[in-house]
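Chain residues, written in single-letter form:
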Amino acid sequence: MEKFDAVVVGAGPAGAAAATTMARAGLSVVLVERGEYPGAKNVMGGVMYGRMAAEVVPEFWTQGAPIERVVVEERIWLATDDSAVSVSHRSPKGAYHPDGCPNAFTVLRAKWDRWFAQKAEEAGALLVPGTTVEDVLWQDGRVAGVRTGREEGDLHADVVVLCDGVNSALVERARLRDHPVEPHQLALGVKEVVGLPPEVIEGRFNVERGQGVTIEIYGAVTRGMSGYGFLYTNHDSVSVGVGVLVSHLMRTRIPPYELLEGLKQHPLVRPLLAGGETLEYSAHAIPEGGWRAMPKLYGDGVLVAGDAAMMVNGLHREGSNLAMTAGRLAGETVVEAKQRGDFSARTLSLYAAKLEESFVLKDLRKYRDLPELAERRPDLFGTFAELANLAAHEMLTVDGLPKRDKQRKIWREVTRRKPLWGLARDLYEVWRAVR
Amino acid sequence: MELRGPSRVEEKLYTLRWKHDRTSHIAITDPRTCADRCGDEWRRPCTTFCPAKVYEWDPEQARIVVAYENCVECTTCLVGCPYRVIDWRPPRGGFGIQYRYG
Ligand SMILES: Cc1cc2nc3c(=O)[nH]c(=O)nc-3n(C[C@H](O)[C@H](O)[C@H](O)COP(=O)(O)OP(=O)(O)OC[C@H]3O[C@@H](n4cnc5c(N)ncnc54)[C@H](O)[C@@H]3O)c2cc1C
Ligand code: SF4
Ligand code: SF4
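Just so you know, the sequences run in chain order Y and D.
Number 185 in the working numbering belongs to position 185 of the first sequence; there are no gaps in the numbering.
All you need for the working numbering is the position in the second sequence, starting with 1, plus 435.
Where hints are given, some of them may not hold.
Derived pair list, reagent style DSBU-like, types lysine-lysine, alpha-carbon separation capped at 30 Å [unchecked claim]:
(1) Y:K406 with Y:K366
(2) Y:K111 with D:K488
(3) Y:K418 with Y:K3
(4) Y:K111 with D:K454
(5) Y:K93 with Y:K111
(6) Y:K3 with Y:K366
Because the hints were derived from the structure by calculation, they are not lab data.
Model, not experiment: these values are computed from the prediction.
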């Protein structure tokens, strides 16, 4: 019976990072992926973070990585049905770390994941695509491998690293979670990739070749549900999508594709996409439960990283970076366990300690109250967007009314819609959840 | 200004590529719940939250019809069915949705 040092389940950012790290240290590693190729099943808005990628593949940007555009400008819109207040930051130079590593860049996952998993193969990991892991194997009360859907498809290993993404059934099979994920701990993102010539994108978004823009849209586009819309520029396409909590989708009964269509038809979005052709529609769930909803991160012979462990920072649209860092730290932990020759939970708990030291658990803990607020107050962004647009519109409308009168009028309008104490309470709640 | 591209979900699904398995990876474990309780209490949310319109209520048969071939494997129905009667498993290795962009 062949036995490996480690089996990694799932060739997304977490799994490829874990496999690369372990294979590079000389361990025998199998990376099992259910898609016919890595990325076949994977969707994201599209912003990847360079620092965390470089910690897995140093200087990846010089190695043919499928980078769509390097983000030089980030915009946030507070939108009503037909207007928006916009905040943005643009810094072409600040888009790179001092060593030349891009800070944030857009990707298309079917391309990126293939490339990233190839790096794990180059490091010596055995990639087995087209293979679904159906269960974990147990031996003497510890996880000792996985059962795949293939004939004679059992894979034995000292340790199993679960990187199988959102709603992982294997986390439960490995007894790391005993309660199911709740609808308010999950968001659904729907998206389209809209093809446009590069020069059209560059004209519309005011960027040069290779440069890109992100736009996050809060307010009316989610139609009263917690979440946001987004537009990210790729080389010759724009990713446009919207993500909202599943609990709110269940309640409002708004079909996600209609939400997406509404976003695409928004008067501020439409001109940016005009003439474009939809190349692909996609949908994927996002684990949004945060720190409080995380499973146990390790057990005897098993570790879990990335979306499978709820490692998403919803407020900052970060997930891929947490996944890469957690995958790498899981890999490093297994390398140390191998040196000790001990894969018990006690040794593997090193993984949790490493995560505590990193931004992963620090950030997730910082925002631990945000998921509950998002579930309870889907109205927050919509209200603030309304008020901000009302104020901006009034101040910018030149109609002969003196500015002081305008201020009074705005104030009256604001407090009519939202009593002062209500406004103060909302701000306090938000502050408490993000401080 | 005209926006070309699919606006109905059927047209959106038309942009996708799958490798179809012969058997379904989705089963409804207790169809009676769909007919009774869920209809009364939740109005069958799977028929609206699924981004690929996999679930449709057939009033004549009084059951949910599952178009598993359309599934894009977003995993929402694992959580979004209030009574957890949807048994969704990943399709067999290599089968199912194959994103070209993602
Ligand atoms: C609409 C949307 C927008 C997003 N936008 C961003 C963004 O802009 N920036 C960002 O950083 N993050 C974003 N995220 C989050 C990000 O995509 C995830 O956090 C990240 O992909 C997690 O990586 P992972 O490796 O843990 O999981 P995944 O990328 O989901 O990888 C899991 C892998 O495991 C495989 N797998 C699953 N089950 C099995 C099995 N049983 N057997 C074998 N293989 C299996 C899957 O096929 C997949 O390849 C977004 C997510 C969505 C849905
Ligand atoms: S949501 Fe669940 S219980 Fe309700 S109709 Fe759909 S499958 Fe049946
Ligand atoms: S996984 Fe997603 S696309 Fe597939 S049936 Fe469930 S909700 Fe629909």
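Hints, verified against the model:
1. At most 30 Å may separate the alpha-carbon atoms for a hinted pair to count; K406 of chain Y and K366 of chain Y exceed this at roughly 39 Å.
2. Restraint check for K111 of chain Y and K488 of chain D: satisfied, since their Cα atoms lie roughly 27 Å apart, inside the 30 Å limit.
3. A threshold of 30 Å between alpha carbons decides the hint, and for K418 of chain Y with K3 of chain Y the separation of about 64 Å lies outside it, so the pair is violated.
4. For the suggested pair K111 of chain Y and K454 of chain D, the alpha carbons sit about 19 Å apart, so the restraint of at most 30 Å is met.
5. This hinted pair checks out: K93 of chain Y and K111 of chain Y have alpha carbons roughly 26 Å apart, not beyond 30 Å.
6. With a C-alpha separation of about 40 Å, the suggested pair K3 of chain Y and K366 of chain Y falls outside the 30 Å cut-off, and the hint is violated.
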